[in-house]
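Chemist: Listed below, chain by chain, are the residues.
Protein chains: 4
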Amino acid sequence: MKNTFGTAISVTIFGESHGAAVGAVVDGLAAGIPINRKYIAEQMSRRKAKSDGLSTTRIEADSVEFVSGVYNDHTTGTAITLLIHNRNTRSNDYAKMADLLRPGHADLTAYAKYGGWQDARGGGHFSGRITAAVVAAGALCRSVLQAKGVEIATHLRKCGGVEDLPFAQQEKEMLQQQQMLNKMDFAIISETAGQAMQQAIRQAGREGDSVGGVLETAVTGIDAGLGEPFFESVESVLAQLMFSIPAVKGIEFGEGFGFADLQGSTANDPFRMQGDTVVTATNRNGGINGGITNGMPIVFRTVVKPTPSIYKEQQTVDYTNKQDAVLQIHGRHDPCILPRARAVQDAMCAIGLLDLYTQRFGTLWHTQEGK
Amino acid sequence: MKNTFGTAISVTIFGESHGAAVGAVVDGLAAGIPINRKYIAEQMSRRKAKSDGLSTTRIEADSVEFVSGVYNDHTTGTAITLLIHNRNTRSNDYAKMADLLRPGHADLTAYAKYGGWQDARGGGHFSGRITAAVVAAGALCRSVLQAKGVEIATHLRKCGGVEDLPFAQQEKEMLQQQQMLNKMDFAIISETAGQAMQQAIRQAGREGDSVGGVLETAVTGIDAGLGEPFFESVESVLAQLMFSIPAVKGIEFGEGFGFADLQGSTANDPFRMQGDTVVTATNRNGGINGGITNGMPIVFRTVVKPTPSIYKEQQTVDYTNKQDAVLQIHGRHDPCILPRARAVQDAMCAIGLLDLYTQRFGTLWHTQEGK
Amino acid sequence: MKNTFGTAISVTIFGESHGAAVGAVVDGLAAGIPINRKYIAEQMSRRKAKSDGLSTTRIEADSVEFVSGVYNDHTTGTAITLLIHNRNTRSNDYAKMADLLRPGHADLTAYAKYGGWQDARGGGHFSGRITAAVVAAGALCRSVLQAKGVEIATHLRKCGGVEDLPFAQQEKEMLQQQQMLNKMDFAIISETAGQAMQQAIRQAGREGDSVGGVLETAVTGIDAGLGEPFFESVESVLAQLMFSIPAVKGIEFGEGFGFADLQGSTANDPFRMQGDTVVTATNRNGGINGGITNGMPIVFRTVVKPTPSIYKEQQTVDYTNKQDAVLQIHGRHDPCILPRARAVQDAMCAIGLLDLYTQRFGTLWHTQEGK
Amino acid sequence: MKNTFGTAISVTIFGESHGAAVGAVVDGLAAGIPINRKYIAEQMSRRKAKSDGLSTTRIEADSVEFVSGVYNDHTTGTAITLLIHNRNTRSNDYAKMADLLRPGHADLTAYAKYGGWQDARGGGHFSGRITAAVVAAGALCRSVLQAKGVEIATHLRKCGGVEDLPFAQQEKEMLQQQQMLNKMDFAIISETAGQAMQQAIRQAGREGDSVGGVLETAVTGIDAGLGEPFFESVESVLAQLMFSIPAVKGIEFGEGFGFADLQGSTANDPFRMQGDTVVTATNRNGGINGGITNGMPIVFRTVVKPTPSIYKEQQTVDYTNKQDAVLQIHGRHDPCILPRARAVQDAMCAIGLLDLYTQRFGTLWHTQEGK
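So the protein lines, in turn, are chains A, B, C and D.
Take the first sequence: its letter number 148 is residue 148 in my numbering, and every next letter is one higher.
Take the second sequence: its letter number 208 is residue 208 in my numbering, and every next letter is one higher.
Take the third sequence: its letter number 85 is residue 85 in my numbering, and every next letter is one higher.
Take the fourth sequence: its letter number 134 is residue 134 in my numbering, and every next letter is one higher.
Hints in this document: simulated from the structure, not taken from any laboratory.
No residue lacks a Cβ here, since even glycine has one placed at the ideal position from N, Cα and C.
Be careful, since some hints might not be right.
[Stated by the list, open to error] Selected chain D positions facing chain B (Cβ under 10 Å, derived; list incomplete):
#	residue
1	N3
2	A31
3	E65
4	V67
5	Y71
6	N72
7	T78
8	G115
9	G124
10	H125
[Claimed, not checked] Looking from chain D toward chain B, a few residues come up when the C-beta cut is under 10 Å (computed):
#	residue
11	S10
12	E16
13	I80
14	L83
15	A110
16	A120
Work out the full structure, taking the sequences as your base and the hints as a guide.
Modeler: Encoded structure:
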């Protein structure tokens, strides 16, 4: 279904950048899960623009309103609908350039698909704004996973030409990194790399340009046996979700594209006993074999293209008059969306994994406390 | 659903490597589509092992039996079930090593998921053998697309350390390359690169090792307006399918991971008028903006890890006795699966695109001839 | 999916009786469909309680707010989210009897399913209040169907022991009846029967009791060839939807349960030529053969049980204290919900049929006007 | 999806009456469920025609071949594909009347949907023959339910004008009736009624006619809390499945259409304590409140129309020549399909309930024995 993901847990997202609200319906959560508003606000805050020169100056309150499925601060077991109202919109910025297709954006494809009926203001349904709803929905799923000991964290592995350190090999050390990252606004492992990245982003911003990068996610505490051999492989499920994040154009698991240059003898992860448990000595497969979790941490990376909205002059066409034109974008935009997209990646990951867990263990597995 | 893909067109796959048959149910095709057995056999042949030292010596006839949905060599409009019988199986090769988990394979995850009840012979349901059914199902979908002018082709962009040329930039030239590739057993654009690749594969085979690589797919003649902004983005749909191919560990569209090092000003594809049509001057986004086709060719690459089955000795564990062990794999295996996986990638691509077309234009769009 | 219906058109409903709002997400409608607010208000009005002694005295404004997917009074092609706010709630009425399970209601099953976390106020998610969202969603679907000449109408075939006339046999006459019914608040064919019914309902209300009945729906102008032979038979699709209406406990198509007493020779509808078209001389199969529409009007009936909320004293149990008890229900309730449920039945029917049409003809079939 | 049912458990059916085979893919069953071939053969046998004058003289061996998902007589956890080969086909009987539409059948709708490409032999995909695959799939699901104490049984409540006794009120006595019925070929509670029914069926057969009737199903040992308030209400799920049985034209739960003549005070089931358990003193709601099981037995009835294939002369049209005609059907047909349809109803019920159980308790709930 077009705007719905999932089998046991389903998430339906909706909204336009300059409409009344963006939101989501989260269906399939068990009753009795506590709604921790502080926790949700923290997740939302990570996705929010900051007035630090790294992101757009459109800053929304992003408070999450629960319209259904929540009562006395707990889930009721019915479909949860959440809304995040749009308040700080400046549609005029967009009106001026309605006819000029913005390169790298969905302006042309919106015409192809919707024939001119789309709400083009602020990118409409294609706007990154919709991911606010994903983060809120993800926060609900993530709280269930965390109660079961599953931790998710994402850092900027590469940005503006600067590389961060990779995650540690050992799960224990990786978990410490995750906990650290989950407290940071600008999530990096190496402080030095982080400073260089921020400098590169600000520099691009000053030039009216933008930068892309790579986000790396690790999941620890994951059970073995989740996922399916084919269409619901863990890679298939996570990839479907990650490519729902605007600007993501690639994903790789474990060694990823590095596998192209390995041989079987260097690519395979040897099995070893660790007490009574079978582990792999290395984790080149990113915790997934045959589409199914093997109990080692899941590790994957996505590539996020540079924000297409830049202030530099660009060649384009005037769609209505069907002629070549020059575009100068105004409005408020991020010179780099990775610091914010990272929260969305975490959220998408939580949604996908909770669906797989629920398929295997049932809805009742969610239950956190009795009544 | 676990073994089912699709919304308007659905494909359900089943089978085990050494069971009676592998197969698929293809549901949603219109009535009256001609079943061209020669065409299907050609597609199947591309996935088949050849006795050329590049692939396993297990060679199957792979003739496709239609059990339902086909009558008088045309589709009837009902669910099409196709079977490919397994004949040339040597289960003894596997019996000897039943307890020793093969590194890089799904042996451990099969235990985690199925608790020992899996049919482990030849990899069971995790075997690449199941992809024979995908190729047959894909052939049906592909024939509908081709009748509409949509062409798909895949080549080995990289293998055993050797790089092939990329696809041409111009759609016309790209189409010629596709037509050439679709006649080749070992699909490469540069003949020289092809020879070097084959040498590298044979060398790895001689060393009892295996190599990985990158497959690149191009789709020409595609309509603008297919796909959805989020969970059914063209990237999401194709990625879900490609990660259903055993050994695929990454996918990227257009510039892919190269976007990490670009800036907005170099990453965006400028729009230009070409007669009355809006095109992009470059195609760094691989034909997709905002999850939706923009009318330019779709271009994507997957990374295929080296075949995990190698003859070299490997460290592993004895699962039953829970102790470290050494594994020496026998049986018949490919030193490189890219030449064959390429047919599966084409097929998966056809299935995904026909689903998107059918959602937009309905089942009747398939119709090719009257009765 | 739990709260989502449909394949090509999907409708997700949510909300609790005394929560902030009830609503729906309608996904899959093409762009450019006009949103006729007067038309929607009319449909909503039919479901609304009236101050006529036939229904509850809780009267809601029921104005429909579009949160997404609508722009400039047309659909944008993206997911449409609509909200109907709950304003006129008196939760105190319910608080008093929280522990006493209401016979015929979902109070016990809510405990079984949600373990006490349910929002029990006003029946929570089980309330007929949620059907306001169904009517709004149905209005959107219905407007597309009507533009294509498909007409839907429902009347009270039986209520409080009084029978209305059945629909006419001839489609032309049936269409006139539909148009008449679609203007009525209390939808009956025979005025005399209608008066007797209203009398019976008022009488039951005065006695603190309630009545059930039968709703009959006819669909004219329907294309032949919709539906599938098995799990998506037209009967399967409509039945799934009708049983989503609280209080519906049975459905029958054409002769329905009357078939039990017929023989093949009296049950079969003979085919006849009518000009160049094949028609059936009778329509005992209610327009459906083998699960697929045959072009004759679809005719079906549902049975609606008497409103379980009555003022008469009832035997029940105190759930918390686990002991037998006596219940005296207060609050505002309908002595008969058929006059209002009829609007829901129309809406559900429109949703199901638009899904089947869209599967066959694609999304673009919706298009009503160019831009 | 067209030929696929289910969320956690999915069943895809395929096949044509005179094709190579009919069959099903059952996906979502846990690994390690024993395949009891004797048990499956018994279920298949109930659906089979008998040479007793009550059913068609086309008698198939109906042995079930497992093509995938079964190994060492246990499920492997992967998709199970089963085939039932068609052997005893006499297509000539049908060839003679290809152009004459059979009243009450899907001949016209097949043309409308498939445009003449359908495999019309023996009714093709519309044939009751496909239900052999449903019974086999249902047997797998039923064995899981029975291991959990859930019993399903169906009897001919009404047939050829004769009524059988209803199920007993008390669950204990009902279970005894179920166990008795599940051993009978002609499933009735009252022996006298059974004899009269068989006489009526034979009489209709002798007259070249056929009879319809009502099938009544009871489910005992069912857990409370299954199903959802709306689109996946237990009634919705079971109705979708029952209307997938050819010839079923109505379904009702508990009092069903009898509710139309009741009042709230006589329709509601009073709650009572039975030890520590809340039960209902009566079961007029058929074990379901608000779409969710309440722990009381599920009771429902379907109406099965008289077999449309009769030997009596009928009025029809010649589809090719578009003119009125007279039809005399030959071939082999049941004067009454209820004795056989009852096995299909049991199977559909098992499929639906296992899906609901699995959604709630997860796949692992299936597990019956360790390995």
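Chemist: Each hint: holds or not?
Modeler: Quick rundown of the hints versus the structure:
1. Evaluation of the N3(D) hint against chain B yields a held restraint, the C-beta minimum of about 4 Å falling below 10 Å.
2. Because the smallest distance between the Cβ of A31(D) and any Cβ of chain B comes to about 4 Å, under 10 Å, the interface hint for this residue holds.
3. A cut of 10 Å between beta carbons decides the hint on E65(D): the least distance to chain B is about 7 Å, and the hint holds.
4. Nearest Cβ of chain B to the Cβ of V67(D): about 5 Å, under the 10 Å cut. The hint holds.
5. A cut of 10 Å between beta carbons decides the hint on Y71(D): the least distance to chain B is about 4 Å, and the hint holds.
6. For N72(D), the interface hint holds, since its Cβ comes within 10 Å of a Cβ in chain B; the closest pair sits about 8 Å apart.
7. The criterion of a C-beta within 10 Å of any C-beta in chain B is met by T78(D), whose closest approach is roughly 4 Å, and the hint holds.
8. With a least beta-carbon distance of about 6 Å to chain B, the hint placing G115(D) at the interface is held under the 10 Å criterion.
9. Taking 10 Å as the C-beta cut-off, the interface hint given for G124(D) holds, the closest approach to chain B being about 7 Å.
10. For the restraint placing H125(D) at the interface with chain B, the shortest Cβ-Cβ distance is roughly 4 Å, inside the 10 Å limit, so the hint holds.
11. The restraint placing S10(D) at the interface with chain B holds, with a minimum CB-CB distance near 5 Å, inside the 10 Å limit.
12. At a threshold of 10 Å, the smallest CB-CB gap from E16(D) to chain B is about 6 Å, leaving the interface hint in force.
13. Hint status for I80(D) relative to chain B: holds, with the closest Cβ pair at about 8 Å, below 10 Å.
14. The beta carbon of L83(D) is positioned within 10 Å of a beta carbon in chain B (closest approach about 7 Å), and the interface hint is therefore held.
15. For A110(D), the interface hint holds, since its Cβ comes within 10 Å of a Cβ in chain B; the closest pair sits about 9 Å apart.
16. At its closest, the beta carbon of A120(D) sits 9 Å from a beta carbon of chain B; the interface hint therefore holds under the 10 Å criterion.
In summary, this structure violates none of the numbered hints.
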